[in-house]
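*Asks:* Given next are the chains, with one letter for each unit.
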Amino acid sequence: MRIACPYCGERSLDEFIYSGDATVRRPDASAPTASEDYVKYVYERTNPPGMHRELWYHAAGCHAWLVVSRDISTHAISSVELAKDVALANNQAMKESA
Amino acid sequence: MARTKEAPRRDPLQPQRLVDRGIVDHRRTIEFTFDGVTYKGHPGDTVASALLANGVMLAGRSFKYHRPRGILSAGSEEPSALLELRDGARREPNTKATTAELFDGLVAKSQNRWPSLDFDVMSINSLLSKVFVAGFYYKTFMWPAALWEKLYEPAIRRAAGLGRASDAADPDVYEKTTAHTDVLIIGGGPAGLMAALAAAQSGKRVILVDEQAALGGRAIDDGSIIDGRPAREWVRSVEAELASRPDVTILRRTTVFGTYDGGTYGALERVNDHVAVPQKHQPRQRLWRIVAKRAVLATGATERPIVFGDNDRPGVMLAGAVRTYINRFGVVPGDRVVVFANNDYAVSTVTDLINAGANVVAIVDSRPKPSEAISRIASSAGTKLLSGAVVTRALGKKRVTGALIRTQSGAEVRLFCDLIAVSGGWNPNIQLSTHVGGKPLWNDDLLCFLPGSLPPGMLLAGAVAGNFSLPKALGSGADAGATAVANGTKSVSIPVPKAAEDSVRIAPLWRVEDHSGKAFVDFQNDVTDTDVELAEREGFRAVEHLKRYTTLGMATDQGRTANVNALAIMADITGRTIPQTGMTLARPPYVPVAVGALAGHHRGKSFKPTRLPPSYKWAKEQGAVCVETGLWLRPSYFPRPGEKDWLDTVKREVNTVRNAVGICDVSTLGKVDVQGKDAAAFLERVYMNNLKSLAIGKARYGGMLREDGILFDDGTVARFAENQYFITTTTANAVRALQHMEYCAQWLWPELDVQIISATEQWAQYAVAGPKSRELLRKIVDPEFDISDAGFPYLQVGEITVCGGVKARLFRLSFSGERAYEIGVPARYGDALMRQLWEAGREFGACAYGTEALGVMRIEKGHISGPELNGTTTPRDVGLGGMVSKTKDFVGRTLGTRPGIVDPERPQLIGFRPVDRSVRLRSGAHFLAKGANPTAANDEGYMTSVAYSPSNGHWIGLGFLKHGPERVGEIVRAYDPVRGGDTLVEVVKPVFVDPEGARVRG
Amino acid sequence: MANMLKPTSAFSHLDPLSTPSLSVAPREDLTMASFAAGKDQVQAVMATIKSAYGVDLPRRPARVSGKGIAFVWAGPDQWLAVAERGANRDMERELKSLLSAMASVVDQSDGRVVVRVSGPLSRQVLAKGIPIDLHPRAFGANAAAITHASHIGVIMWQLEDASTFELAMFRSYADSFAHWLIETAEATLPATA
Ligand SMILES: [Zn+2]
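Chains as they are written, first to last, in the numbering used here: chain A, 1 to 98; chain B, 99 to 1100; chain C, 1101 to 1293.
Hints in this document: simulated from the structure, not taken from any laboratory.
For every residue, glycine included, the Cβ atom is placed at its ideal position computed from N, Cα and C.
Errors might be hidden in some of the hints.
[As the list claims (entries may be wrong)] Covered, in the sense of this in silico footprint (three residues per stretch, anywhere, with C-beta under 8 Å from a C-beta of chain B), are these stretches of chain C:
{"no.": "1", "stretch": "1157 to 1164"}
{"no.": "2", "stretch": "1200 to 1209"}
{"no.": "3", "stretch": "1239 to 1250"}
{"no.": "4", "stretch": "1267 to 1273"}
I would like the entire structure built from these sequences, with the hints used as guidance.
*Replies:* Shown next, in the form of structure tokens:
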């Protein structure tokens, strides 16, 4: 598999480390439901076939954390974004909705 | 095709060799031995073609039944002619005679025979074949299981036999490389060559890969005429054109063995398999990783045998192989030939045989109505044509002596012959299109599977796409090459050379009904048609089950001559169509790949890179014994003359540190520079303990958790400036800890202003530990820096200079429990600083110490390390529960308060000493209450770290024990069934030296 | 008091190789520092470097060179400054004085060691350990990449010269890297009689 790092370009799988689901966000530890929220955040995963948003780390390259949209049945990758940008956009969206 | 009237001339020294045919170098003769007999051949021969040239057809014995086997094919699909090549350390078993190139002095031996190929005792297996039927591994030796390793397997292995690998280390070197290309063309036959020509016009990068030493593929094998000239001349002109283009790479003797995601292909180049010994430094084989934007699959097709009685006898050969031996190698594999086919490929086979001077005894065509092409060749060659007839059995044992034929009317005819040329049709070599999940499609006209869905970027050309005739192959190659570089725009076509159209008509025949003798489907794994029937009867009808039950298709040839026949037979007996029956997808590798080639440079000491600490050279001069810790090679201890073992040495090193001073290279600890306006806030969220109060110029212990509340890593956090921190991690976790911090900075809290830069290797860092450490350092640290206890107390850090102005960092930290410092200098000065410390330390009786003494001293002090940070323990488990902040959020905080994590029943860190002080403790032992039975329910914890404590004069241990801290003074059982240990130990506080902790402060 | 410590090479057995087709030599004479722009400071950092050295820092993997100094992209908003040490040049000190408020500057002069590989065979040799595309059209003058070579992490760049590369790796890997490089060079150089 090859992943196109937004900085480094297309690189082979062995330069990256997979690190799980990119759709979960670290919950607010001060919320009254924090205990359950964290159990969900850390442990609860479904694994449907098809498109996933995944966190990858360009370990042997630029050390950027990436959000990769990948069809886990075909390994076809439809987008690679910088995790930092995704996280900042999430923060912004949360702020706006609040 | 023109026919010569007179028989072509033969070589008197190689009875089956035509002196003016093929592309071998007839002018040079080389010698080789097979089973001790010397034969002659030519450069350009394979071992198979040279054996055949000498009239040798018997090549080996089969895997299970030890049946005599000959040469079935002329390529990498060969299931039968597997030899042991070379000798000594280069001896290599199971090598295909059909692909191994001949070289002068080559030593070849047959396999699976004892005592000789001619007379093989084990062929008795044939008589025991009831025992060896499909599923015999599963059924026959089920019980008693205890006998499997001792009796069954060795017996079966000896009887069934495999080649012998050399016991010696492989003397050759292997190489790996990566290539990137716009177009990869797999196969250098007519289609592949046209694709390469067309793609090369664009000026883009093209890699053309071909399995053989010479390009041309079936155009050479079939002796085709292209643009009015012999194929070899056309191939030569194409090669010259390709070679003139700087961005075209041709890899000969190279097999693409796997398709991987992202347009990545694995290929094996046999750089020096065709010579006896590679030149100095030259690799034997080279593994290519090829990354291609587009790939043209031009892998051709493999001919199918027909399943009939004793169809494995030496002398039963694929018709295409017969043609290859004639046209490529100038070898006539037999003189009296029966051609048996279900398709029109028989036509050119007969032509070639007759042109080569062989006598075609009969054409046995299973089709009741002869095709026009067949009728024409039969009459022009004056050969008997038996339409609607089948060969039911090959006669002869070690060589075909005849064929038993059932005619259309059912009559049995016996014909004498020494070769049966068989064609059951052609299977496109679609394997590489299925490696990443492409599904093949059955084609009812061509009676074969064609590639269905293709991997992204892959195109097809030639026979692999069902273009079996030469003009179609050439044309489809030109199209594919042009399309591959077209990039969505209109492709530029190139002129397609002319060639004659061949008939490829075919009618189904997979297996001859009512045959006698064994009829083989998979030759290499000795699977017969009755094995397939048995599998069906026992319910293994799904093709995946059939394969596993019978082992069909699971040998090194990947069942390339077997799979479709087996499938068709299964379809037949279950009354289904072939597509209904299914198709197994191929997996890489398409051909066997030596582990040496996969490893390349990375074997032995180079298996993985080694990291050397700054004082490594000095340590080796001191006689240090080193140990691998991760990739690092660290001094473990520094033996001195007169010390009888490592323990002696370690005792001395520990005593020296505790009483004087010792020096240890701790550069391997991970070091990370953390800066930014939010550096403090960031570290607060990464570490479990409070760091807000850490003053500039101070260091503090820091523990990191995983989000699930489990301890992840620990080290120190030092603050050099308002917004500048310097943290250390454990050696083992250095890379992961950096990754984790980058995760936190980029993903969890991207809004923070923090910059993280690894500085592990910038600093050579030495621990200087012991009561005399300050006195020693005073001789190193430049005089303007105050390192008195008042000026530089415990946990102080500072930027200083040493040895006359070299910038340095000093940390007053202690892992040993003694007064201790860590001093860091830029790594290039590391070697020199160690030598200076060593010289300066002489008057204090200083020693160097390694990881062993380091470990002993930390256990004596109850400091946790790898065995306690084992991925299952919490801060509370290791006695650091009180350090965990309750006033801030940090990674691991919330889940660290889960009931299971804070359960008071969780074993907690505590110390141990043996009741009988002379007893040695073992880590890994489990704790049981005194008198309790050793059951899992009674398990109360386990020992993690043990050491002989020179300070105490006996073994000590750390471990986790339920309610440990409340049980000090209690005697428990340390039970170690694996190593037969069962010792009573006393629970003690986990600190064995200076319990008040006074020494660290001076 | 004079400096009593003599620097030591990290390469204990890399004999410089010099043939018409391939040369390999360690570069022991460099001073290097990495610097990472603080939050919202990228433009300021770039402007400062521009005015001090006259070069535009690359935002993507690439190298730029100014008078006596080169900058190599070393990660998002992060660069490695490389210069010859000469008499007493100290890149960390130099950049800290320029960038103190806007970037974190970390000395890498010792943390990383640099090997220069040059000559017509350099690409072919490097391709045997480096997985990225080194074709001149893909990796030309002043190209840079962070990747791995023979399983060892490297920052590599090409000089203006078409076949001269420099590879920086963590110091402790120097010997392992040299071992791979020399073995690979021997296998790639034309076999000697
Ligand atoms: Zn990257």
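*Asks:* With a cut-off of 8 Å between beta carbons, are at least three residues of the stretch 1267 to 1273 of chain C near chain B?
*Replies:* Per the Cβ count (4), the hint holds.
*Asks:* Examine the stretch 1200 to 1209 of chain C for residues whose CB is less than 8 Å from any CB of chain B, and state whether their number is three or more.
*Replies:* holds (count 6)
*Asks:* Has the stretch 1157 to 1164 of chain C got at least three residues whose CB is nearer than 8 Å to a CB belonging to chain B?
*Replies:* That given contact is violated, which follows from only 0 residues of the stretch 1157 to 1164 of chain C lying within Cβ reach (below 8 Å) of chain B.
*Asks:* Would you check chain B against the stretch 1239 to 1250 of chain C, counting CB to CB pairs closer than 8 Å, and say if three or more residues qualify?
*Replies:* violated (count 1)
Figure legend: structure checked against the earlier numbered hints; hints not met, in rising order: 1 and 3.
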